[in-house]
Every structure is written in C-alpha cells, then in structure tokens.
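So the sequence lines, in the order shown, correspond to chains R and C. Residue numbers for the first sequence follow UniProt numbering, beginning at 1 and rising by one. Residue numbers for the second sequence follow UniProt numbering, beginning at 1 and rising by one.
No false leads were mixed into what you were given.
Below, computed lysine to any residue pairings styled on SDA-like, alpha-carbon distance capped at 20 Å:
(1) R:Lys52 - C:Ala515
(2) C:Lys552 - R:His51
(3) C:Lys552 - R:Leu24
(4) R:Lys52 - C:Ser557
(5) C:Lys497 - R:His38
(6) R:Lys52 - C:Lys552
(7) C:Lys552 - R:Gly30
(8) C:Lys516 - R:Thr65
(9) R:Lys52 - C:Phe541
(10) R:Lys52 - C:Asn543
(11) C:Lys516 - R:His38
(12) C:Lys3 - C:Gly70
(13) C:Lys552 - R:Arg48
(14) C:Lys516 - R:Ala82
(15) C:Lys755 - C:Val715
(16) R:Lys52 - C:Asn549
(17) R:Lys52 - C:Gln551
(18) C:Lys191 - C:Met162
(19) R:Lys52 - C:Arg601
(20) R:Lys52 - C:Gly599
(21) C:Lys516 - R:Ala85
(22) C:Lys789 - R:Pro18
(23) C:Lys516 - R:Gly21
(24) C:Lys552 - R:Asn72
(25) R:Lys52 - C:Thr555
(26) C:Lys143 - C:Met162
(27) C:Lys516 - R:Gly63
(28) C:Lys744 - C:Ala449
(29) C:Lys516 - R:Gly84
(30) C:Lys516 - R:Asp86
(31) C:Lys588 - C:Thr567
(32) C:Lys552 - R:Cys31
(33) C:Lys516 - R:Gln83
(34) C:Lys516 - R:Asn72
Note that these hints are calculated values from the structure, not bench results.
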Amino acid sequence: MTAETTEWLDIAALDDIPPQGARLIRTAEGCVALFRTHDDRVFALDDRCPHKGGPLSEGIVAGHTITCPLHNWVFDLNTGLAQGADEGAVRTHPVRVEAGRVHVAAEVVARPATARNAA
Amino acid sequence: MEKLVVIGAGMASGRMLEHLTDAAAPYQITLFNAEPRGNYNRIMLSPVLSGDKTYEEIVTHDDQWYAERGIATRFGEHVVGIDRARKVVTGQNGEVPYDRLVIATGSAPFMIPVVGRDLPGVIAYRDLDDTNTMIAAARPGAKAVVIGGGLLGLEAAAGLQMRGMEVVVIHIMGHLMERQLDPSAGYLLQKALEARGITVHCKGATKAILGEDRAEAVLLEDGTVYGADLVVMAVGIRPETRLANDAGIEVERGITVNDQLQTSDPSIYAIGECVEHDKQLFGLVAPLYDQARVLAAALMGQPADFRPVQTATKLKVTGCDLFSAGDFADGPGREDIVFRDPGRGIYKRLVIEADRLVGAVMYGDTADGNWFFGLIKDGTDISEMRDTLIFGPAFQGGGSVDPMAAVAALPPDAEICGCNGVCKGAIMDAVLAGADTLDKLRATTKASASCGTCTGLVSQVMALTLGGEVQTADCICGCTDLAHEDVRRLIKAKGLKSMPAVMQECGWSTPDGCAKCRPALNYYLLADWPLDYRDDRQSRFVNERNHANIQKDGTYSVVPRMWGGVTTPAELRAIADAADKYNVPMVKVTGGQRIDLLGVRKEDLPAMWADLNDAGMVSGHAYSKGLRTVKTCVGSEFCRFGTQDSTGLGIRLEKLLWGSWTPHKVKLGVSGCPRNCAEATCKDVGVVCVDSGYQVSVSGAAGMEVKETELLVSVPTEDEAVAVITAFVQLYRENARYLDRAWKWTARVGLDWVKAQVVDDLEQRAALVERFEISQSVYRKDPWAEHAKPGARDEFAPLIDLRLEAAE
Numbered sequence: 001m002t003a004e005t006t007e008w009l010d011i012a013a014l015d016d017i018p019p020q021g022a023r024l025i026r027t028a029e030g031c032v033a034l035f036r037t038h039d040d041r042v043f044a045l046d047d048r049c050p051h052k053g054g055p056l057s058e059g060i061v062a063g064h065t066i067t068c069p070l071h072n073w074v075f076d077l078n079t080g081l082a083q084g085a086d087e088g089a090v091r092t093h094p095v096r097v098e099a100g101r102v103h104v105a106a107e108v109v110a111r112p113a114t115a116r117n118a119a
Numbered sequence: 001m002e003k004l005v006v007i008g009a010g011m012a013s014g015r016m017l018e019h020l021t022d023a024a025a026p027y028q029i030t031l032f033n034a035e036p037r038g039n040y041n042r043i044m045l046s047p048v049l050s051g052d053k054t055y056e057e058i059v060t061h062d063d064q065w066y067a068e069r070g071i072a073t074r075f076g077e078h079v080v081g082i083d084r085a086r087k088v089v090t091g092q093n094g095e096v097p098y099d100r101l102v103i104a105t106g107s108a109p110f111m112i113p114v115v116g117r118d119l120p121g122v123i124a125y126r127d128l129d130d131t132n133t134m135i136a137a138a139r140p141g142a143k144a145v146v147i148g149g150g151l152l153g154l155e156a157a158a159g160l161q162m163r164g165m166e167v168v169v170i171h172i173m174g175h176l177m178e179r180q181l182d183p184s185a186g187y188l189l190q191k192a193l194e195a196r197g198i199t200v201h202c203k204g205a206t207k208a209i210l211g212e213d214r215a216e217a218v219l220l221e222d223g224t225v226y227g228a229d230l231v232v233m234a235v236g237i238r239p240e241t242r243l244a245n246d247a248g249i250e251v252e253r254g255i256t257v258n259d260q261l262q263t264s265d266p267s268i269y270a271i272g273e274c275v276e277h278d279k280q281l282f283g284l285v286a287p288l289y290d291q292a293r294v295l296a297a298a299l300m301g302q303p304a305d306f307r308p309v310q311t312a313t314k315l316k317v318t319g320c321d322l323f324s325a326g327d328f329a330d331g332p333g334r335e336d337i338v339f340r341d342p343g344r345g346i347y348k349r350l351v352i353e354a355d356r357l358v359g360a361v362m363y364g365d366t367a368d369g370n371w372f373f374g375l376i377k378d379g380t381d382i383s384e385m386r387d388t389l390i391f392g393p394a395f396q397g398g399g400s401v402d403p404m405a406a407v408a409a410l411p412p413d414a415e416i417c418g419c420n421g422v423c424k425g426a427i428m429d430a431v432l433a434g435a436d437t438l439d440k441l442r443a444t445t446k447a448s449a450s451c452g453t454c455t456g457l458v459s460q461v462m463a464l465t466l467g468g469e470v471q472t473a474d475c476i477c478g479c480t481d482l483a484h485e486d487v488r489r490l491i492k493a494k495g496l497k498s499m500p501a502v503m504q505e506c507g508w509s510t511p512d513g514c515a516k517c518r519p520a521l522n523y524y525l526l527a528d529w530p531l532d533y534r535d536d537r538q539s540r541f542v543n544e545r546n547h548a549n550i551q552k553d554g555t556y557s558v559v560p561r562m563w564g565g566v567t568t569p570a571e572l573r574a575i576a577d578a579a580d581k582y583n584v585p586m587v588k589v590t591g592g593q594r595i596d597l598l599g600v601r602k603e604d605l606p607a608m609w610a611d612l613n614d615a616g617m618v619s620g621h622a623y624s625k626g627l628r629t630v631k632t633c634v635g636s637e638f639c640r641f642g643t644q645d646s647t648g649l650g651i652r653l654e655k656l657l658w659g660s661w662t663p664h665k666v667k668l669g670v671s672g673c674p675r676n677c678a679e680a681t682c683k684d685v686g687v688v689c690v691d692s693g694y695q696v697s698v699s700g701a702a703g704m705e706v707k708e709t710e711l712l713v714s715v716p717t718e719d720e721a722v723a724v725i726t727a728f729v730q731l732y733r734e735n736a737r738y739l740d741r742a743w744k745w746t747a748r749v750g751l752d753w754v755k756a757q758v759v760d761d762l763e764q765r766a767a768l769v770e771r772f773e774i775s776q777s778v779y780r781k782d783p784w785a786e787h788a789k790p791g792a793r794d795e796f797a798p799l800i801d802l803r804l805e806a807a808e
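Please build the complete structure, drawing on both the sequences and the hints.
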C-alpha cells in the first residue's frame, strides 16, 4: 500500500490485550493476531503459522518473538520472519498505539477480497 | 657495600627506593634532586593549586624518612655530569662515586618557541615551584591564559579559576584532550568548563606572548588577543635526557632501556618519564610504579620484566566527570557503541575490535570506568554481552557474562545443599581446607552427596573459591547458563518470588525469558511459593493457558473429570447434551477412563464448561503438567478377587491430588489385586492391593518409554498409602526439573534417596504432606469454573469481528 495517509481503525484498548499475550481480530481473510510484548509494544500478524497453520496467537510471547504452539517455530514479531533453522514468514500489518488505544490500518479489514475501504 | 646513586627524587624513583629499603637491599644510597625537597605526590599538585590541599599534605617522603633509611640526600643540587669511565656523578657540590646509577630525571615541560616565552609571568606547570608561582600570581580578577588543553593544562585552568582568576584555555587542536577524548566527549568537557566561566579557544595557535617587561597578553595566529597577567604553558612534556645524552648513553626520544630498565651502559639504569621502553614513553603513574618494582628487583638481582600495561585517565577537575582508556580512534574493523543522554550531559563510547573492547571514553557518568578498563586490559571477549555492554556491569547478567555471579552474590549462610543443610560458607571453608575435588568435598561436608541436584551449584562455589573454571551444567535455555536444579536452589536460597526477581538475580540474558524457560520458572515459583506467587497464564503453554488440549486444526478437546473412572447416568447425559449443543464432531473414551469431547471451538469453551459445571463436573486436567487420572479397577466392592476397595482409594487419591501442578504429568493407577486390571505398574504412582495391605510403587511409564514401577513401600493401611503417595508427589514437585517425568527424576536422584525422605523419615513425610496441603489450598479448584465466569470469558473470544463490516 503506497498511500501517504494510512487510514486507521480503532480496535480496542491496549489493556484488552494481556501483556506478553495476544488477542484476535477476525477478518474476511482470516484472523489477525495482535501481540502485546513485555515493553508494551503491539504487533499485528496473520494468526497462521506458515508451517502447519498453527494459531500463533496461542503461542508464548517472549521479547519480540512469538513461538507457535503447535511445533515451536519462532517468529520475529517485527519482521514476521521465522527464526533459527526454520524458513518462512508471517504477514505483518501496520498497527499503532495511541492514547492507550490500539489502531490497525484499515487495509487489514479491506484486504484483497473486498475492494471497499472500511472507515 | 655497593654504592647506588639516584638522580631525581620523583614518584618513580621514590617508589623504587621504598622497595629497596623495605627489602634492606645492601646499598649505600645517595639521592640527588634538583628541587630543594624530596619526593612528593605530583599528581596532587592540582589540588594544591586549587587550594584544596597544602604541600605538606602531599609530601610522600620527608627528611625523617630518608634519614631512617640511611639515604644521603643532595637536594637542591643539580647534577652536572656523569663520568662513566670513572663511575662518578658530578654534582654542583662535588663528586659521588657509584657502582650502580639510576637516572630518574623525569620530564621537562615543552615550551613552544614563540616570541615572549621568556618574559616573567610565563611559566610551565611541572613542579611545586611552578604551582607556587601560579598561586602567587592568582589574584582574584587577574587574567590567566593557559596554553594547552590537555590533562595538565585543564587542571591548571580549573585550579586558577578556583582561585578567582579569569581563565582562557588556548588549545591548538579541534577539541580538548584529544589524546584521551573523542570530539563528542571533548565537546561536553568544553561545555562544562565554559559553564564554570573558563573561556575555551580551540584551533588556537599561539603566535606571540606580548608584554614589555612581563607577560601582558597572548596573541593568536587568527589575530585574537587575550589579556594575561599569567601565561601557563602546558602544551606537553618531553623526557629530560640531557644528562644521559652528555654521558653518551643511548637515547632516542627517551633514554632507551630494556625490560630490566637497564640502559646501554650495564651499570646505569633509568626509570620514569625520562625513559623510552619498546618505542613507548610514559607519563601516567601506574606504569611508573610498575617500573619501580621491576627496577628494585633488578638491583637486588631478582628476575623481573617490565611489561607496560594499558592505562586509564581520569581528569581531576571537580565537576568534570571524565574517563578514558585504551585506543578509541576510528579504524577499519572497529565498531562503536555509543550512548548519549543529552539531558544529563552523558556521553559514553566504546570501541570494539574483533569482539574485544579496545577503548572507552566516558563523560558525565564514569562510575563504570574501571570495569571497562578491566575489560580492555584483560582482552575479555565481549561478544556475549555486546548488546548491554555500554550500560555497564550492573546490566550484565551473571548468567550470560559470569556464570558464577549469582553464586558469588550469595551470602555465606545461604543453603546450597538442602539435603544435608550445607551452606555456601561451609563449602568454601572446606575447599580452602583442602577439599579441592567434588569427592573430597562430599566426604568432608556431604554437600551434594545425597540427591545430587545441587551438584552444579556446589561445583560453582568450589570454582569460585579456587578461582578456577566452572563446569557448566546443562542449562535451561539460551537465556541462562544455569541448570534447572541451580535455579530451583537459588529460588529457594534467595527467596525469589517473582519472574523478574529470578531473571534479575540469576542473570537472565533476555528481558523476559523465552518459551522454554518461562513455563519452567512459572512452575518453580508456584511450586515453591504457593501462597505468594500468582500463576502467570502468559508463561503457560497453550493447553494449560486455555485449560483444554489444542488440536491440529486449532480446535480443542474437553475432558471432564470422572473420579476414579466412575461416572453416573446424569453425568453421561450432561456430556451428551454438551456434545450436541456445541456440535462436537467426535466423542471418545480415553485411556484414562473418561470421555473426551474433540473439536470444540475456543470461543465455545467457557459456555461448555459452565454447562458441565452445572452437572457437577470439573476439569479433568487432561491438558496439564499436573495430576491427570487415577485409573482403578472395581476392587473388593464387586470383584470376586478384589482384596481392598481399589475404586474407593483411587477416588480418594484423585480428590486429594487434583488441581496440583507438577513438573510433568502425573498418572496414578490403583488395582484391587495382583491381577492388576488398572495397569497400575506402568504409572507414575501405582498401588496394588494385597490381602496384607497396599504395595505402593513409583516411576513407571507407558509412553515413549515403557517402564515398570519400582516398589517404594508396602503399607498395611489405606491412610499410610495415601500419606506416602502424597509425600512422594510433593517431593517430586519440589525437586524435579520441569518436564522430567517421575521416572526420570528418580533416576537422577536415586530411589534410595526418595525412600529415605518419604518412607524412612516420618517427620519429613509429614512435612511434605503438610506443604502439599498448603499448595492445594490454592490449587485444588476447578479452573473451568474460574474461566466460565461471565467476566472471564472475553479472552476466549476475538477482540472484534470485522467480517460483517467488510462484507457489507
């Protein structure tokens, strides 16, 4: 997405996500997981491990990594890239925290299947 | 007695004379000094200048000292020549013969060759006379120009400013102290000096010192003129080599000496700022003291070699906190780590080359200076701590940097071996008394001689005491070098009751652990401090966090508890209703004598649990590292062979043990007779009922490993069987590594040790049972009921469902 102005959707309060935990956004294109790290950063990634489709939101958040609950693949939350010997990537999405609220880019909702931009 | 003549009473020769006379070396010593006084601490001239100290306070050797040591002093007498052929030193007042001669003429200030440098009021800053001249000239409001912005010049400037003078520092380079500081630190230093009222003029080349019959001003190449009642030249020093030159001794920049400080003339030695060793000159006191030690040894015929070490610099100006050490020039293959805090005026820069710290510059906060200096001197490999290096030793985990730090920090009375009550101090004492191997130590103190789980810690205490290598045990994960047993012991010994406390005190190298260590630590903490520690859901694997087993498609399986494998029509109806209501695709009977509902969606879990709770059922913990099932046969109630009420005992055990967390899963079996229909002899704890009572056996397995249980004890009563089993489970909870099944743990510690605790030692058995009950007062609760409460259900649902919105 190349638009200079990102449209943001207010999703929830930061405190709705447990520290070192995750919550889900359900979209037409599958679930997006919002991860909150120990330093109160929030990351948005597809909730699907590229290995066997495990729900990443159910993994353990440590530092800026998530460990998939099914087979312990570890991904960097910043890049979505698998760490160590495993190869693969999880799609990351724009997310920001403002005044204690978590916003994701509207493109997360209107992903390719639907052309319309939700406000 | 041989005659030793020393020319120069500076700090280096003074220290050498101390060594010689302390050892009562058989020399008849004569000491020349051009200054009319003996040895004083030149480093402290700055405080004398600023008025913080008096000359008397900085005298190192007074007349009495020389007299007591029989040193003939020729103070205030210049040496005019050395006759090597006749082996005599000629002073202004006459000759002194020598067998050995030490030249310690120090250094002379370098006076830049500009017009006016000879005017009165232009001085160097080298000795007490210079200092006194400055003090005499320092009238409040008078003007001083210091030429040279190095260490000495700035100390002079600060001292004069403190005496009330208006001070200008002229420095030819782009920033102050360029030999010790990089531009950023130089900038901060300049800012700090300017804040004190000192004017700093960098890139200033002195053209002339103006004045009629005394210095009045300094003119720079760029035309700037600074008024000056006093001009201090502090642009540098050079080795004072004139005497040596005249005597025909080999001189390059300084008097050349070998590793024994011997000059080209074997009878003549040189020491201090006048020497050149291995192409290097010396100006700071540490290497000079080193030379003094080596030279004293050489003069006494003892072997010693001078090996120059790195030196660090600290500026002795109040309010300017500055430190520099090593080499900090940029260069290929060199990397920088820089930390700045503009608000507090802090700058730190570390220079790294090939995983070694080679230079450090710090301004504003130099508390860690010596630590960095140590890393530079020792050539320590810093790759492991690179990320946090700049924050100093306080941020270096004991685990990652020094595996012994956590152990080193323990007080002497900290208990290391719990079995035998051996504390750290006792181990250290025994090691110092000669128990330098684990076997000897075990023989003398019994430390680690019983269950052996503290062996890692004991060897660390030994290594710490002996200063040797650590045998690192297999560590928990990449966040620490400590083994599970070490961490368990430290949690207890240091009273660590939270995850951050453990990570801090045990030196975790990561901010919040990893998916390997966090579940382990969470378990250790809740097992050791059941009343203080709160279970951390986010440190749980998914199954324990969601109280259900995740399946390959992300759905869950739900297994309600059936006590002892016994159920009722009402329970079965409720299970059937739940299966219908939540469209459960598969209902299966498990190997643990209960029913599994597979394929449940996460968001349905709380509602389903509530329905099952309503029918009187609770979680079966089919997902936990905790008590799973107690499998039973029907026993004496129905079976014609049954010897005891195995079903009743199974239910009693399950109701006692359920909800408890354990290092790994725990499965029990109770069979009513030796036909063993409950397959009790492949469980973690198995009971086989016999006519005479109960055979309790432990540490079986029927998974990846298949193992028959081993007999723990045979007891006549059900109560005793229950107590022994409870104590065994608690001992396992308190001592095993996380994710070790009971059989693995007993293999590590030995079944004999386990027997000693729970069978032979009745007091210990009772204490274990009591501690288990304390823990169960917290954990013998249905987690499903907790999470099925209306407010607690939210976490099982998505935050938001955007499917409809997008599809509109």
